[in-house]
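So the chains spell out like this:
Number of protein chains: 2
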Amino acid sequence: MSEVYAARRTRLRERCNAAGSAAALISRPANVRYLAGAAPQRAALLIGKREDLLVCTGPPDEKPTEGRPDEALPVHTLPGPGPAGDPAVAAADLAASQGADSLAVEEHHLTVARHRAIRSVAPRLRLADLGGAVEQLRVVKDEEEISCLRIGAEIADQALGELLESILVGRTERHLALELERRLVDHGADGPAFPTSVATGPNSGRRGHRPTDRRVEEGDFLSVCLGATYRGYRCEIGRTFVIGTSPADWQIELYDLVFAAQRAGREMLAPGSAYRDVDRAARQVLDSAGYAEGLPPLTGHGVGLEIDEDPQLAPAAMGKLDACVPVTVEPGVHLPGRGGVRIDDTLVVRPEADGGPELLTITTKELLAL
Amino acid sequence: MSEVYAARRTRLRERCNAAGSAAALISRPANVRYLAGAAPQRAALLIGKREDLLVCTGPPDEKPTEGRPDEALPVHTLPGPGPAGDPAVAAADLAASQGADSLAVEEHHLTVARHRAIRSVAPRLRLADLGGAVEQLRVVKDEEEISCLRIGAEIADQALGELLESILVGRTERHLALELERRLVDHGADGPAFPTSVATGPNSGRRGHRPTDRRVEEGDFLSVCLGATYRGYRCEIGRTFVIGTSPADWQIELYDLVFAAQRAGREMLAPGSAYRDVDRAARQVLDSAGYAEGLPPLTGHGVGLEIDEDPQLAPAAMGKLDACVPVTVEPGVHLPGRGGVRIDDTLVVRPEADGGPELLTITTKELLAL
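Residue numbers (the numbering used here), protein chains in the order written: chain A, 1 to 370; chain B, 1001 to 1370.
Chain A with its partners taken away, still in its complex shape (with noise of 0.2 Å):
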């Protein structure tokens, strides 16, 4: 693995001299690891000239669930905590005291205050901003990515698999929330992905809602957001099921709606797609079916290392999908007091010579009657 780090390091250091930077340093969680193969808290990594440097609170946790620092980097310990302990502050000493006379920095995440910290420890370095770099190079993944992709939806499969097999009327939201978390980790999850998601009645089909303590009835909508985390990469899936014998004809017909647009989304994943298209397929069946307003912003998003990452398919983004991009479609209408809908999978885009888009999340997308 350790080349694969050594790689990545590689590409950003010629990004950086490219743009003028003798140096970069890099504090955003999920770009520490992506480098480095580990993030341990506050760590702060040091893309030298030539060597690079992993800077850290205390010795690296050497957990299999979160990362094991690639072997051929050198660590450095700082003694204690506090603000004088900060590893993106001691990291930018080094970078000077090596020579570097310019250092790019994460400004979308470094604070105001530790930016200013760095200054006065190294007044001599020029700062510049790296942007997104990190970032871009998280987008498209390698097959070992995509592999921990799919064991994770394979997880959150399961999870919810069993869960359909129990009975579900008269618990709560947060109870059935709880009992899928438990659910991904008996399975193999690091954890879940993000804070699971279980609407019941008129909160279904809500993005992002969270459990509350009302309780399943016979007749609701229910839909369900949750994901796993296997070694560091996150994916999701969401369904929406009727509680009962038989749904009621609107939510056939808003089924069968919601259906069609994740489908039409689906189909538009292919390398070269602009990503606000893929967007404005799936959006222009709700919309025309006349449920314009109070869409979401987004149809889906870039997974990895974080749940919700680049690139966002959005009818404003920029930018055209690449093969080997893990992305969610997940559009949705919610009905205010009455409920609604949501269909999200996780899918990896592929030539259609391969096979055209990867289906991750394989659970059954029919309308269930549980």
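Just so you know, the hints here were simulated from the structure itself, not pulled from any lab data. It is possible that part of the hints are untrue.
Stated by the list, open to error - Counterexamples of contact, computed for chain A against chain B with all Cβ distances above 12 Å:
hint, residue
1, Gly20
2, Arg50
3, Leu53
4, Asp101
5, Ile151
6, Glu162
7, Leu184
8, Pro247
9, Ala248
10, Phe259
11, Cys324
12, Gly356
13, Leu368
What the hints assert, rightly or not - Once the Cα atoms are required to be at most 25 Å apart in a straight line, the calculated SDA-like pairs of lysine to any residue come out as:
hint, chain 1, residue 1, chain 2, residue 2
14, A, Lys320, B, Gly1085
15, A, Lys320, A, Ala264
16, B, Lys1320, A, Gly85
Claimed, not checked - Residues from chain B that face chain A, not an exhaustive set, calculated with beta carbons under 10 Å:
hint, residue
17, His1108
18, Asp1129
19, Gly1131
20, Arg1171
21, His1175
22, Glu1181
23, Gly1191
24, Ser1288
Quick reminder that beta carbons are idealized off the backbone N, C-alpha and C, glycines included.
Got chain A; can you put chain B on it based on the hints?
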């Protein structure tokens, strides 16, 4: 409740004006919640010369567990997401258009990128640093806040008590942690106050240990640290037990020592005690028994809307305790390869006339053999 929030904002406004800023922009979520009653995602609070304003990206949730925004506070909802929809930037824009010439911002929370965006929408606004002004206001709690902490502590005591009655040998750290978190919610917590730590055998006694798949064995030390969030307020309790019928001599000795250190710390809790003296009282007991090395950097910390707030009870901390400040006292010793002991309580500083420190976490601190 509305008057409470209004009074807090008035105190902050006075501090700001005294420091020469006409207005203040609060972006750190716990600070927004403290001053506005709730902290919708990415919301920002503008403390104006006369009027205050909460800026959100969507309608605030109205769930009791997440707080309700003060009804007397005007809410401005932004139309869309994205950088144009950053509530902090929009609030600064509003401050400028209302004629403010200076704005104090939370430089320890705002990123460099967001700070720049504020400068660019409101170039004539003089930006100052609010520093930890709101965090300072939050240190001393009112009785309503303490009552939330007291209920949270009762919930944590209940969850821990039930765990102790179940069979533990053979179960993994991760499962025990998940079960504790489920019990917290069962008893009415909003959720865990922080990731529950369960540490067995050689892991026991490690501060912030993240649960692994190690199973509880006969003869182990088992150390558990958990807390409940109740109406936003977070408490903490930690205990260490022995698994099996009779603890080994080294276990009894180590336990008695940590217990003595923890008691020494608790006994120093009084209005006017220096933070560092509380730390020293506990630390000295462990030091003089030969455990100076490897001790955690602090003996305790404040709790409230965040689990780790001011004050820090640490060797270099400056300041003195006031009445109505809730803190943890949590010394511990971890012997690499063997395990260790941590004992952690949440207490509220009270004058001696009121009976001295109020212990919120009342689970026994005898060494129980389970």
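Each hint, compared with the structure:
no.	hint	in the structure
1	Gly20	holds, 18 Å
2	Arg50	holds, 27 Å
3	Leu53	holds, 22 Å
4	Asp101	holds, 20 Å
5	Ile151	holds, 16 Å
6	Glu162	holds, 15 Å
7	Leu184	violated, 10 Å
8	Pro247	holds, 28 Å
9	Ala248	holds, 27 Å
10	Phe259	holds, 25 Å
11	Cys324	holds, 26 Å
12	Gly356	holds, 30 Å
13	Leu368	holds, 26 Å
14	A:Lys320 to B:Gly1085	holds, 24 Å
15	A:Lys320 to A:Ala264	holds, 17 Å
16	B:Lys1320 to A:Gly85	holds, 23 Å
17	His1108	holds, 4 Å
18	Asp1129	holds, 8 Å
19	Gly1131	holds, 9 Å
20	Arg1171	violated, 12 Å
21	His1175	holds, 8 Å
22	Glu1181	holds, 7 Å
23	Gly1191	holds, 9 Å
24	Ser1288	violated, 22 Å
Hints 7, 20 and 24 from the earlier list are contradicted by this structure; the remaining hints agree with it.
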